[in-house]
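Trainee: Since the structure of chain V is provided, determine the placement of chains H, D, G, E and W on it from the hints.
Residue numbers (my numbering), protein chains in the order written: chain V, 3 to 285; chain H, 3 to 285; chain D, 3 to 285; chain G, 3 to 285; chain E, 3 to 285; chain W, 3 to 285.
It is possible that some hints are incorrect.
For chains that are exact copies, the list does not tell them apart, and a pair is met inside one copy or across any two.
To be verified - For lysine to any residue, the following SDA-like pairs were computed, each having C-alpha atoms within a straight-line distance of at most 20 Å:
id, residue 1, residue 2
1, Lys127, Ala182
2, Lys45, Ala264
3, Lys127, Glu227
4, Lys45, Gly242
5, Lys62, Gly139
6, Lys250, Ala178
7, Lys62, Asp10
8, Lys250, Leu237
9, Lys62, Ala11
10, Lys127, Leu187
To be clear, the hints were calculated from the coordinates, so they are not data collected in a lab. Predicted model only: the values in this text are computed from it and were never measured.
Number of protein chains: 6
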Amino acid sequence: MIDLRSIDAFIDMALAEDIGPGDVTTLCTVPEGRRIHGSYIAKEPGVVCGLPIVQRVFLKLDAGIVFTPRANEGEAVQKGAVIAEVTGDARSVLTGERTGLNLLQRLSGIATRTAEAVRAVQGTKARIVDTRKTTPGLRALEKYAVRTGGGANHRFNLSDGVLIKNNHIIAAGGVAPAVAAARRLAPHTLKIEVEVENLNMLREALAAGADIVMLDNMQTSMMAEAMKLVGGRVLVEASGNMGDRDLKAVAATGVDFISVGALTHTVRAMDISLHFDKPTLNL
Amino acid sequence: MIDLRSIDAFIDMALAEDIGPGDVTTLCTVPEGRRIHGSYIAKEPGVVCGLPIVQRVFLKLDAGIVFTPRANEGEAVQKGAVIAEVTGDARSVLTGERTGLNLLQRLSGIATRTAEAVRAVQGTKARIVDTRKTTPGLRALEKYAVRTGGGANHRFNLSDGVLIKNNHIIAAGGVAPAVAAARRLAPHTLKIEVEVENLNMLREALAAGADIVMLDNMQTSMMAEAMKLVGGRVLVEASGNMGDRDLKAVAATGVDFISVGALTHTVRAMDISLHFDKPTLNL
Amino acid sequence: MIDLRSIDAFIDMALAEDIGPGDVTTLCTVPEGRRIHGSYIAKEPGVVCGLPIVQRVFLKLDAGIVFTPRANEGEAVQKGAVIAEVTGDARSVLTGERTGLNLLQRLSGIATRTAEAVRAVQGTKARIVDTRKTTPGLRALEKYAVRTGGGANHRFNLSDGVLIKNNHIIAAGGVAPAVAAARRLAPHTLKIEVEVENLNMLREALAAGADIVMLDNMQTSMMAEAMKLVGGRVLVEASGNMGDRDLKAVAATGVDFISVGALTHTVRAMDISLHFDKPTLNL
Amino acid sequence: MIDLRSIDAFIDMALAEDIGPGDVTTLCTVPEGRRIHGSYIAKEPGVVCGLPIVQRVFLKLDAGIVFTPRANEGEAVQKGAVIAEVTGDARSVLTGERTGLNLLQRLSGIATRTAEAVRAVQGTKARIVDTRKTTPGLRALEKYAVRTGGGANHRFNLSDGVLIKNNHIIAAGGVAPAVAAARRLAPHTLKIEVEVENLNMLREALAAGADIVMLDNMQTSMMAEAMKLVGGRVLVEASGNMGDRDLKAVAATGVDFISVGALTHTVRAMDISLHFDKPTLNL
Amino acid sequence: MIDLRSIDAFIDMALAEDIGPGDVTTLCTVPEGRRIHGSYIAKEPGVVCGLPIVQRVFLKLDAGIVFTPRANEGEAVQKGAVIAEVTGDARSVLTGERTGLNLLQRLSGIATRTAEAVRAVQGTKARIVDTRKTTPGLRALEKYAVRTGGGANHRFNLSDGVLIKNNHIIAAGGVAPAVAAARRLAPHTLKIEVEVENLNMLREALAAGADIVMLDNMQTSMMAEAMKLVGGRVLVEASGNMGDRDLKAVAATGVDFISVGALTHTVRAMDISLHFDKPTLNL
Amino acid sequence: MIDLRSIDAFIDMALAEDIGPGDVTTLCTVPEGRRIHGSYIAKEPGVVCGLPIVQRVFLKLDAGIVFTPRANEGEAVQKGAVIAEVTGDARSVLTGERTGLNLLQRLSGIATRTAEAVRAVQGTKARIVDTRKTTPGLRALEKYAVRTGGGANHRFNLSDGVLIKNNHIIAAGGVAPAVAAARRLAPHTLKIEVEVENLNMLREALAAGADIVMLDNMQTSMMAEAMKLVGGRVLVEASGNMGDRDLKAVAATGVDFISVGALTHTVRAMDISLHFDKPTLNL
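Bound conformation, chain V alone:
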C-alpha cells in the first residue's frame, strides 16, 4: 500500500547523499564486470519492513541488479532468518548497500515497535495510530512502516485533519467558537477533533459538537471517567507520552485510538546484515 512512485526522488537524493561524486573505494578495487551475491540476515527477531524500497534503491542504481525478498513485507522473522537476497554487478551492489540497509533497518525497527504496541492492546477495540512526530522527509515511509506493523495512520499532515488544540481554542475565544469556525471553514470532508486535558474541557468539546476528542496526558482513571462522559457519542483518542504508558490499561478504558509518537520519534534500527558470498578468495 506504499506508493512507490512517489519515493523515487527520495531514493535519488539518498543515493546522491551517500555516494557523493563517486564510490572511490569500489571504483579503485573492484574490476568492472565482477558479479556478487549476498543475503540479508536478521541478527535479531523483528517485523520486516522496506523490502520493496530496497528493491527500488538497487533498481535506480543499476537496472540489472536482482533483489529477491525471502520474507513477506510485514512478516515477523526470527534471529538468523534470511530476509532477502541480492545478485548483480559487484560495483553497483557494494555502492548501494548502505543506502538500502539504512532504510530497511529503520523501517523494520518502526514496524517491530508498532507490532509490539498492537500486541499489547490485542483483544480491545483500541487501534494503535501514529503521529506527526516523524523524521522530516521520511513521513510517507515511516507511516507506511506503522501500517506494516499493524498500526493505523493518523492524519498525514496539517491539511487532512482538523485537530483543535489549546492554542487554537484560546485564539478562537473558546471551544465552541473554535469548533464552529472549523465547521464553517474547513472542507466538509474532514472530521473535527478537539484535544482536551480535563473533564471540563471534555464537556465543552462534546457540547460544541466535536466529532472526535483527544484525551491528552490523562491518568488512566481520568480516562475511564471521560469514557463514561462520552458515552459512545464520539470517537475517542488517547494521547501523550503513550510510548511510556501501559497500553493495555489505556486500551481497557475503551478508547478507540491510542496515538504513540514514540513509534517514529524514538527508533531502534533492527539489526540486519548483508553477508556476501566469498567464492574466489579466502583470507
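Mentor: Structure of chains H, D, G, E and W alone, referenced to chain V:
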C-alpha cells in the same frame, strides 16, 4: 560549524511535507494578526542541538518570527530548563511548531547520546566518531549533531575516504593489490583505511601499507593484541556494534577512534516541549 | 488565507516560462534606469482576486517594484475601477506585466463566477463548493479564488477526503463493505462520503453509515425525495453539471453543499488592463 | 508536434498535486490486482486534443495501463463518440483518472474554440494565431492545442520575437529609434513587429522599417484603410479583443494574422466523461 | 544586460559542486568571525567580464560580503590592474573564492577574444556573432560575455530562429519546399535563414525567399561572388571555422554577420588572481 | 569509470537549454518518421572522450536512436578517423546533434591536452593531476576527461581533501597550529596538504607534520632543493601555472604530482564533425 545555507532546501521540503496544502485547523480558528509567545522546555536532561536550525525553520516560514535561544548549542541542560523562546504571528508559529520540534528533539537526542559516549572514554586518547548509518536525507544534520555532542566525523560519503572492506579485498585479489590499486587510482588527498577481522588480516594490511586499520567486531582482548602488532605505525579504528560495547574497555586498548553506528541509527528523541503563554482565555 | 510561501516556486516557473532567455524587446528599447507607473483598470464588473499574487510576481522579479492594491481582495468592483497601481523600473515592470495579468484575470474570473453562484443560493443553507476539476498546477490558487468569491472548498486532493464512487463500490463488493473498509483503513480524521445516483443507492449508503452522501446528477424532484429519506441524519452534497443547473432550485431542496466543477474547469478571464502613464512622448 | 519529453515534469507535478500522499478511497476500497476497463465518451461535439498526454499521464502512474485512442488527435467528433479506451489495474486507473480528464477536457476545449475561429476565416488568407495570454505552466500544452485546432502559434515567450508596444516606443524616444535599437541589438534571426493604434503610428512604423505591424484594437473600417497604406510591404496582424469580434469581417480586410487571446484565456472545458464497465456488481 | 535573476539556480549549483558537504580546510583552520580583504589583479591584459556574477556568488554565499568592482564590466584592462576588491568574513570569502574566479576568468577570456575579433573587422559593416557551440549549462553567461566583448548574439536556442541546413533541405525535398514549410508553420516572428555551400544553393535559397543566407565554409573569393549574387536583397552571414580565418578579409566581402564558434568552444581563461592582504602574520 | 547515473539531470538541463520550447526548423521541415544516419569524423588528431555521454544524450532524447562508438573511449585517433555512428529518427537526431557535439568536442579537447602533458613526463614518477579550476557544472565530466587522457584527479571539492594555503595559515596563527587544527577536526580519512612558497615555509610544513606539501610557483631549481629537504618523507605536488612550464624539467626534480589548472580552464575543443548521409536528394 553547520553550513546553514545548504539546509534551506531541506527545510522547505520538511515544511511542505508537514503542512501540505495548508494548516486547516490554524487557518480556521486563529484570527489573522494574533500574536503568540512560547518557551521550549527540556522535559529531561540532555545536550541541546538544533537551535539554529529551528530558527531557520521559522524564518523560512515567516520572516517576522523571533526565535531566541536561551541555551548554547551543545550545552548540557537539566530537566525544566528553558532552551529557547519564540514570539511571532500565532498562525505562523503554530504551523511551524512541529517541524521545528521534530528536528530539535532528534538532533538533541543524537548529541546527548554522543556526549555519553565521549564521557565514557574520557581520559583516553580515543575519539568517538560516527558512521554512514544515518537517516537518508539527514546526514549533514546528524553528523553536525555528533560534533555538537563532542564526537568527530568519519567520512561524509563514499567519495571522501577510502575504506577497503572484505569484498573489495576479494574483488581486488588480496589486501596488497587492493591497497596498491587505491594508492594508484584514488585522489592522493585521501588516506587508505583497511577493515580487518583478525590478526592475520591485520598483518597483511600493515604489510600492504594501509594508512589506517579498522578492527572490526574484535573482542577487546584481540584488540589489545592488535594494538601491539600495530605498534603505533598507523591509525587504528575500532568498529562493530560499539553501541552495545563497554567503550571504556575498548578505549583502554589504545585505539585512536571508536566508530559508533548507534549514535545515528538508533535515536531516542530528547523530550522537549513548547509551552505557549495563555494570556487571554482560561479554560 | 492563501499561503503565499508555497507559490514562490510556481511564480518562478511562470516567469521563466513567459520570459525565456530574456525579454528581447524591452532590453533593446528601454534604457536602464527608466521608471514607469501604471494602473490596473477593470474593463468589466467583477470580483477581484489575485492582488497579493501579482505583488509577489513583481517582487520576485525586482524587489524595487511597488505594487499597491486599490481594491480589497474579494471586492466586487465596477467597470472602470482602478484595482491596483504599479511603479518601478520600466524594464522590470514591462517584463513581468503579462505573467501578473494572466494570473489576476483568471483568478478574478473564478471569483466572479463563484460570487454569482453564491448569490444564487442566498437565503438557503446551501454552500457552493469547488471540485478537483482544476487546472493542473493551479489547484491551490484556483481553490483560493473560490474562497475569495465566497465559496467553500471541497477536499484538496485524493488524500484528504474519502469519496466512494461507483467503481469503488463495485470493487469492494457493495456499499456496505466499501464504507466498512474505509472506516477500518482510512485515517479516522476523514469523513466518509458516498456518491449515489438513485434512491436505492442512497438507502444503502445511509444503512452503511456514510457520513456524507453525494446526490449525483439527480433531477431536482428526486433530490427532494432524497432529502426526505436522509431526514437530516447526514450531510448532503448535490453534484453533477451544476454549472448548467438552476442553483436556486437545487438549494431549495435543502442540500448542504452544491459542488460546481465549472467554477474552475470553464473559466472566463475577467477583463482587466494595465494602463501606463505616457509622460514623455505623444504619438 | 508536441514534444512529450518536455512535459514529463509537468505530469509528475500534476499527479502529485491531485494525489497528495495517496488516494485514500481507492487504497481502502479497491483490492490489489483488480482490473478495470473504461471508455472516454464525448458528451458534446468538439475537436479532441490531448490524447498523447493522457496516455503519458497513465504511463507515468503505472507502466501497465493501456490507453488506446479511438479518435485522432485533432479530429472533430460528435456527441456520443468514443474517444479513447483505458484498461489496467483498477487502483492505478481510478487514481489517475481526474488528472488525465482535467487535461483532456481543457485542451479539447481550446482546440474546439480554435477550430471555430479558423472556420470563421476560411477562404481568406488570414491565419488564426494565439497570444501569451495562456495559463501559467501550461503554455506549451495550450499552444499545442491551438495548433491541433488548426491555428498557428505566435511567439512562445518574450525572447523569440520582437514586439514593440507603446511603452517601448516612449522609452526609446519614438518608433524609429525603437526599431533601430531592436535592429542593432536583437538577434538577427528575429523579425521586428510594431504595435500601432492608428494610421499615423502605422506610417511611422512603416517608415521605420518594421517587418510586421500589429493593428491594435482598430475598427474594421480603419483596418481596411491601414491595409491600403501597407500595400503588401509588410505582414499585418490584427489584435485586441478578437474573441468578441466578427472574425470574418476582420479577415476580409486582408490581414495576414488575427491573434485571439480568448483562445487560451477564456476556456470552456469540453464535456468528456470516462465510463467504466461494471461487470461484477449491479446496484 | 544579463538577467541576473535567472542565474541564481546556476550559482547555487556551482557553489554546491565546489564546496560539497563543507570546506573542511577553512572550517578547521579559520576561526569564526575573522575578516579578510582581497584584490583581484589582472595578470595579463584583457576585457573584464563577470563582475556582477562574482558579486552574486558571494552574496548567495554570505550576504555580508562586500564585493566592489574597480573596473567596468567590458572594460579593457592592462596587466596589473585591480579589477575588484572583496571584503568580508574570512571563512565565507575563502570558501567562495574559486567558484567566483572560475566564472570571472572564463567569461573574461570569452570577452577578450570577442573584442579581438570585433577589432579585426572594424571599419566594415560586419558584426561578430556567436553560435550554439557553448558549454552546456553556461549558454546565457557565455552569450552575455560575447555581448560584453562587443559582439552580437545569434539565436539563443533551436526555438528562436529558423536555420535550414542541408539535412532539413534533403528531408523537405529541396530548398523551396523547406522554406515554404517554415513560412507556413513557424511563428511569423522568426526570420528564415538558409545555409548554402555553393552558388547554386545560394540561387535556390534566394529564389525560395529566404530572409537570411549563411555562406558556409566558402573561400573568400566565392563569398565575394556570392555577395554579388545577393545584391543586397537579403542578410548574409559568413560561417565555418571562422576562428581560423582572416576576419578582415571575410568582412571585406561585405557580409552582414560573421559567426565564430571558437568564441565559446575554445576558451582561454584570462589570468586573474585574488591577492589577500596578510596583516597579521608574516612567514 | 564515469558514473553515468549522476549526469542525467545535467543532460536534461543541457537539452532543455539548447532546444528551448522546440526545434522549430526541424519540426517544420523534417517529416515525422524520416530516418537518418551519420558519422562522427575527427577533423584533427586527438584523444576521444565523451562517447558514453553522447550516447546518453541521444537516449534521453529518443530511446530509439542507436549511437555506436567506432573508437574506444580514450583512444588516440588520427585525422579522418570515424569515431562513432548514429542512426535513428531524423527529427530526434538533428535536434540532439549539437548538445552531443558540444560535450564530445570539449571533453576530447581536455583528454587530448592531458595526454600531451602525460607524455611530457613519461619515464618519471610524476603524475599529472587536475585542479578545481573547472567549468561550473561540469566538474565530474571534466575530471573524467582528465582520467581518460591518462591523468589523475586531485580532490573533487572542498570537502574531500585538506589543502592549507597561506590565508589558512595566517588565520590559524602559523603552519603548526593550522596543521594541528586540521589533524584534530577534519575527518581522519583525509590527508593534510600544505601549500608552500619557499624553503622556509617548506621546513615549517615538514616540522608541523604535513602529509603532502605543494610547491607553489617555484622555479625548477628551488624545487630541486625542496626535494632534497623533503628527502622522501612526504608526498610532493608541484603547482602554479604549470600549463606554461616545461613539464619534463619539473618532473625531473622528482615531484610526485604536477597539478595543471590549464587542463580544464583553457580548453581547445577538438574538431569533430557529424556528417550525415544524403541518400535522397542531390543539390
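Trainee: Does each hint fit the structure? Answer for all of them.
Mentor: To see whether the hints hold, each was checked on the structure:
no.	hint	verdict
1	Lys127 with Ala182	between (30 Å within a copy, 15 Å between copies)
2	Lys45 with Ala264	between (23 Å within a copy, 15 Å between copies)
3	Lys127 with Glu227	within (18 Å within a copy, 38 Å between copies)
4	Lys45 with Gly242	between (32 Å within a copy, 13 Å between copies)
5	Lys62 with Gly139	both (19 Å within a copy, 17 Å between copies)
6	Lys250 with Ala178	neither (33 Å within a copy, 31 Å between copies)
7	Lys62 with Asp10	both (8 Å within a copy, 12 Å between copies)
8	Lys250 with Leu237	within (18 Å within a copy, 36 Å between copies)
9	Lys62 with Ala11	both (10 Å within a copy, 14 Å between copies)
10	Lys127 with Leu187	between (32 Å within a copy, 14 Å between copies)
Checked against the numbered hints above, the structure breaks only hint 6 and satisfies the rest.
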